[in-house]
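Chains as they are written, first to last, in numbering that gives the first Met the number 0: chain A, 0 to 300; chain B, 0 to 375; chain C, 0 to 268.
Keep in mind that the hints are not guaranteed to be accurate.
Partial chain A-side listing against chain C, Cβ under 8 Å, derived [as the list claims (entries may be wrong)]:
hint, residue
1, Asp12
2, Leu14
3, Val106
4, Tyr176
5, Ala200
6, Leu257
7, Ser271
Cβ-Cβ distance ranges computed for the label pairs, FRET-style [what the hints assert, rightly or not]:
hint, chain 1, residue 1, chain 2, residue 2, range
8, A, Gly205, C, Phe42, 36 to 44 Å
9, A, Pro113, C, Gly41, 45 to 53 Å
10, C, Trp90, B, Phe327, 53 to 61 Å
11, A, Arg114, B, Thr235, 36 to 44 Å
12, B, Gly119, C, Pro216, 51 to 59 Å
13, C, Leu185, A, Asn144, 50 to 58 Å
14, C, Asp160, B, Ile31, 24 to 32 Å
15, A, Val282, C, Trp257, 42 to 50 Å
16, B, Ser130, C, Pro190, 29 to 37 Å
17, A, Glu202, B, Asp180, 55 to 63 Å
What the hints contain is simulated information worked out from the structure, not anything from laboratory work.
Note that beta-carbon positions come from the ideal geometry of N, C-alpha and C, so glycine has one too.
Chain by chain, the residues:
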Amino acid sequence: MRVVRRLNTLRRDWLSWIPTVWLGVFFLIPFLVVLKISLSEATIAMPPYLPIFEWIEGSLLEIRLDFGNYLFLIDDPLYGAAYVESVRIALTATIITLLIGYPMAYVIATAREPRRTLLLLLVILPFWTSFLLRVYAWIAILKTNGLLNGLLMSLGVISEPLVILQTDVAVYIGIAYTYLPFMVLPLYASLSKLDRTLLEAAEDLGATPWISFLTVTLPLTLPGVVAGSLLVFVPAIGEFVIPALLGGNDTLMIGKVLWNEFFANRDWPIASAVAIMMLFVIVGPLMWLNRMNAQHEEANS
Amino acid sequence: MSSNPSMVKKWLDPEAKPFLEFRGVTKSFDGIPAVRDVNLAIYQNELFCLLGGSGSGKTTLLRILAGFESPTEGSVWIDGVDITNVPAYERPVNMMFQSYALFPHMSVFDNVAYGLKRDGLPKSEIAVRVSELLELVRLSAFANRKPDQLSGGQRQRVALARALAKRPKVLLLDEPLGALDKNLREDTQLELIKIQESLGMTFIVVTHDQEEAMTLATRIGVMDEGYLVQTDEPHTIYEYPNSAYVADFIGDINLFECVVTDNEAGELSLYASQLDTAIELDGPVTGAVNQTLWYAVRPEKMRLTRDPSDAVNALKGVVHEIAYLGDFSVYWVDLDCGPRVRVSRPNISRLDDFAEAWGEEVWITWDGSAGVVLSQ
Amino acid sequence: MKLSRYTFPVMASVGFGFLYFPILILVIYSFNESKLVTVWGGFSARWYLELFQDPQILDAATLSLQIAAVSATIALILGVAAAMTLVRFRWFRARTWLAGMAAAPLVMPEVITGLSLLLLFVALDHWLGWPSGRGVTTIILAHATFGMAFVTVIVQARLRDMDRTLEEAAMDLGARPMTVFLTVTLPTIAPALVAAWLLAFTLSLDDLVIASFVSGPGSSTLPMVVFSKVRLGISPDINALATLMILIVGLGGVVGFWQMRRSINRRPV
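Only chain A is shown next, with the shape it has when bound in the complex (with noise of 0.2 Å):
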């Protein structure tokens, strides 16, 4: 009887099992094989790593952890310093997005159709196209002889070129113009959500638009500032691209680090150890998100 109605509660629910499988597989099971490589040792083979578990004779299971990635990891400055640079630079994008963002989104939300669908589309837009390309676009606008420079030069404003490209601000420029729509569509949702008649009441009981700025309309989109903040912070720790064609040399990325490891000096478990440890400083926010994430669902049912 029991079997009889697993089998028709997994009838009933197949729809669902295809995705939750598929994403078991592809997503959850890969950081376990990424975590079991972090803690081998590096050989040069293919695949370029020791085994974890291995049978000895036949009966004896031998486990060998290797922590030495880890200590590795903490023993040399690298490390230590590309995380806290990532974390940094993606921290300060995020805060230029959003100060570019926030009057985006709220400008949208407040005009009229068919203004307003134009507005977002014109937001959405550059999203579809090549993100690689944009960020390639950048080079020959930041270089030392590209585009600005040549704007300002004969402008009059500065005598010398600056330097822009291969420097911190190129990839905050970076971060901020491809991750944009991220921090715009969240913001959207919740000032388009914003009651204008609460508006009218702070002004109606004397508050300047300042004030009424900072005291209604601000703390009823925070959800929606926090929702896109953390859309751009994420997934710019782990950044590539951008560091890598707009960043200089000495720009440490911790994305840039584990591309290195990886590709130029093919240490597939130190690339699984930095990789682990940017799960743990990504680990929080993400946790935050979904939490956010499983409110605004809560609020909607």
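Once you've looked at the hints, dock chains B and C against the given chain A.
Then chains B and C, alone, in the frame of chain A:
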């Protein structure tokens, strides 16, 4: 209009078999009961109204019947068959939704044809049936329109036609006229009755509008906090409410607390402490000595006069407020003995200079048969 | 600073300018005869010709388009199933797991996703002999997983907004659950499905990092070819490629907007 004279009142016949039955139906959402132990029998060709405020459980009861919710306890029967566990798509009932729920991506024709297509009827027959239905609701010219190209009243009629298409044994209507404005609503009420009589279908209407329920229903079931508190014909519900809640929910009422002073062979004597007077009763009322009861009189059954002679019940008071409502006026009178009562009076003359004025001392009188005694 | 009526609109205009200035530059310089950005050497379509004669780019573009189409389709099917489960099938026991796993790839740094999938494929190959080697198959699997998260989010939002009484009405009129889904749910969420598929398609077409990890020899996608070119400096034929992409996306946007306006205007007031 309240009941069709040609219709036999089957609910008065103890031998008659109910067509539709709720047996001890209870429904809880996360442990919070929405419908509590409802027992209800509805007969063929009835136009039954479930009346109640928001959150009274009337819509939940309708959704249980449609099959969208399954009861926590109890069973639902149609035509002698237990349908409690029959899925919604196999039930012989159809529903007209409050929001109309017209499929926005289908034309009026396809909306009405939807149910017939599910039955696998041949195309030619579907075309005939749909055009008949569209004629019935006077929308033949709109067959190819999409729902968003129709007015509110037209959408309402498409929803009705779609629900009627499968000739269900029972048609469920959830606030069918709620979204229409007042004039259109009155016309549509009469139209609904006409359609129901001509098709000989059983209709169950959920509404929060007591006037609508009075106009449409053969019988009304009043719901409150999940309980079905009274089920009767409109006239009975209004004139003989079985509780203070029903009396107050349907129409206005003046309620006075009173005590049974004597019970001689079933003849009660009542004393209203608030009014400091004995109440003269016409009809039979049951109750034990010293039991507290409610004495209820509707405002239009009270008279306002300057001369109380030869009145059975009369009390003196002062006019506190007058509300002129056009067809009648409502007077709030502060009685000398304490309570404030409301009295309504039709405005039969255009100029009434002799009417009682604000602050004037007046008498309130009523007949012995005007009031009802309620035990709860 | 005083917050005037114009403060936000002015700031927003700067934001929109920021968003479109680089794109404009790309388009203009794709027609520049000169190879140098600072010099305008006259109007020319020479980079477009060069682009169409570069077999490496053409091959990579064909491969990328194929991978994107297949992986977006898989992502759509998986994402719709996931979204239906999350919004509708509240009884599903592994629902919280699915919710967590479906949202995470959205923000997961690509280097981690890429590395972990590669290590999985190597391990699977080792244990099961599948997928033997890396290439198109592994890229498709990776992109489907990644695109699925985006599909789930879009479809989930649309399903939540959808009027549930429409489905109840269909069921009430005798439609079985599968018929309800095909005749009512699917047509209602169709615009979201199109948008979701296109997004998954674009993300796949655009991905450099994950593809670099999981691809094998001989399966270089377009972004991989572009990246190796761009790393060496500005190359104007890439401007031409970008302009073509912008043109296609821009056209799509205009058509979409026009369609929406039409549907708004058709409604009686």
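Going down the list of hints, with the structure as the test:
Taken as an interface hint, Asp12 of chain A checks out: its beta carbon lies about 6 Å from the nearest beta carbon of chain C, inside 8 Å. A least Cβ separation of about 5 Å between Leu14 of chain A and chain C falls short of the 8 Å threshold, and the interface hint therefore holds. Look at Val106 of chain A: its Cβ gets to within about 4 Å of chain C, closer than 8 Å, so that hint holds up. With a cut of 8 Å, the hint placing Tyr176 of chain A at the interface with chain C holds, because the nearest CB-to-CB distance is about 7 Å.
The beta carbon of Ala200 of chain A comes no nearer than 17 Å to any beta carbon in chain C, farther than 8 Å, and the hint placing it at the interface is violated. Interface restraint check: Leu257 of chain A against chain C, minimum CB-CB distance 5 Å, threshold 8 Å, status holds. The interface hint given for Ser271 of chain A holds, since its Cβ lies 7 Å from the closest Cβ of chain C, which is under the 8 Å cut-off. For Gly205 of chain A and Phe42 of chain C, the Cβ-Cβ distance of about 60 Å falls outside the hinted range of 36 to 44 Å, so the restraint is violated.
Between Pro113 of chain A and Gly41 of chain C the Cβ separation comes to about 39 Å, which falls outside the hinted range of 45 to 53 Å. For the pair Trp90 of chain C and Phe327 of chain B, the beta carbons lie near 56 Å from each other, so the given range of 53 to 61 Å is met. A C-beta distance of roughly 59 Å is found between Arg114 of chain A and Thr235 of chain B, which places it outside the suggested range of 36 to 44 Å. Hint check: Gly119 of chain B to Pro216 of chain C, Cβ distance near 56 Å, so the stated range 51 to 59 Å holds.
Our hint of 50 to 58 Å for Leu185 of chain C and Asn144 of chain A holds, since their Cβ atoms are close to 55 Å apart. Hint check: Asp160 of chain C to Ile31 of chain B, Cβ distance near 26 Å, so the stated range 24 to 32 Å holds. Judged by the Cβ atoms, the range 42 to 50 Å given for Val282 of chain A and Trp257 of chain C holds: they are separated by roughly 44 Å. At about 32 Å, the beta-carbon gap between Ser130 of chain B and Pro190 of chain C stays in the expected band of 29 to 37 Å.
Checked against the given bound of 55 to 63 Å, the beta carbons of Glu202 of chain A and Asp180 of chain B, roughly 34 Å apart, lie outside it.
When each numbered hint is compared with the structure, violations occur for hints 5, 8, 9, 11 and 17.
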